[in-house]
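As they're listed, the protein sequences go chains A and B. When you line the first sequence up against the working numbering, it's residues 45 to 126, in that order. When you line the second sequence up against the working numbering, it's residues 45 to 126, in that order.
If you are wondering where the hints come from, they were derived from the structure by calculation, not from laboratory data. None of these values were measured; they are calculated from a predicted model. Built from N, CA and C at the ideal position, the CB exists for glycine as well.
In silico SDA-like cross-links for lysine to any residue, where the CA-CA straight-line distance does not exceed 25 Å:
1. B:Lys102 / A:Arg83
2. B:Lys102 / A:Val126
3. B:Lys102 / A:Val56
4. B:Lys102 / A:Ala60
5. B:Lys102 / A:Glu125
6. A:Lys102 / A:Pro123
7. A:Lys102 / B:Val51
8. A:Lys102 / A:Arg83
9. B:Lys102 / B:Ala72
10. B:Lys102 / A:Val51
11. B:Lys102 / A:Leu63
12. A:Lys102 / B:Val56
13. B:Lys102 / A:Ser53
14. A:Lys102 / B:Thr59
15. B:Lys102 / A:Thr117
16. A:Lys102 / B:Leu63
17. A:Lys102 / A:Glu77
18. B:Lys102 / A:Ser90
19. A:Lys102 / B:Phe55
20. B:Lys102 / B:Met45
21. A:Lys102 / B:Val126
22. A:Lys102 / A:Met45
23. B:Lys102 / B:Thr117
24. B:Lys102 / B:Arg69
25. B:Lys102 / A:Leu96
26. B:Lys102 / A:Phe55
27. B:Lys102 / A:Pro88
28. A:Lys102 / B:Glu118
29. A:Lys102 / B:Val58
30. B:Lys102 / B:Ser53
31. B:Lys102 / B:Ile73
32. A:Lys102 / B:Ser90
33. A:Lys102 / B:Pro88
34. A:Lys102 / A:His80
Non-contacting residues of chain A with respect to chain B, defined by C-beta distances greater than 10 Å in every case (computed):
35. Gly54
36. Ala72
37. Ile73
38. Asp75
39. Glu76
40. Glu77
2 protein chains.
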Amino acid sequence: MARFMDVHSGFVGVTAAQLTEAHERDLAIEDEEGVHFERAWLDPESGKVFCLSTGPSKEAVQRIHERAGHPATEVYEIPVEV
Amino acid sequence: MARFMDVHSGFVGVTAAQLTEAHERDLAIEDEEGVHFERAWLDPESGKVFCLSTGPSKEAVQRIHERAGHPATEVYEIPVEV
Chain A
45 MARFMDVHSG FVGVTAAQLT EAHERDLAIE DEEGVHFERA WLDPESGKVF
95 CLSTGPSKEA VQRIHERAGH PATEVYEIPV EV
Chain B
45 MARFMDVHSG FVGVTAAQLT EAHERDLAIE DEEGVHFERA WLDPESGKVF
95 CLSTGPSKEA VQRIHERAGH PATEVYEIPV EV
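Whenever a hint applies, use it, and build me the whole structure from the sequences.
Laid out in structure tokens, this is it:
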């Protein structure tokens with residue numbers, strides 16, 4: 045199992061409730077790809093969202109985000125953490 | 045106190061020991077700007093680093109990174125977290 049950070053763009057003006065709703069759409073189906081989305085952070089001014097997850101591959105992470113309706117613009121595997 | 049995610053580029057091939065050393069350079073001086081760097085994640089393949097911090101402003105976060113020798117390419121305030 046590896047760890048990933050993915051980045052979304054275009055979430056300008058999104059509220060905490062809307063982010064929670066989007067995150068819950070991921071959580072509802074993440075088991076189907078062996079992914080778990082741990083946390084997400086939003087800057088509603090720039091519209092950037094950062095999601096921290098674990099899973100088998102970048103592609104699995106992206107498939108969940110795509111099926112939940114919000115594909116990531118970038119997905120990075122992050123094997124090193126301090 | 046606000047929360048921030050910043051992004052660095054150019055850390056291709058960097059090791060865990062080197063990331064720890066860079067992070068410790070931030071920790072050594074962060075108090076001078078009222079900043080605290082909580083965690084950092086590295087993708088040594090793309091060279092991206094993501095740092096999660098708290099502090100008074102984006103500028104304060106960037107000043108610590110600059111003085112530590114590794115300015116961020118982007119700094120985002122992230123008031124919303126799930």
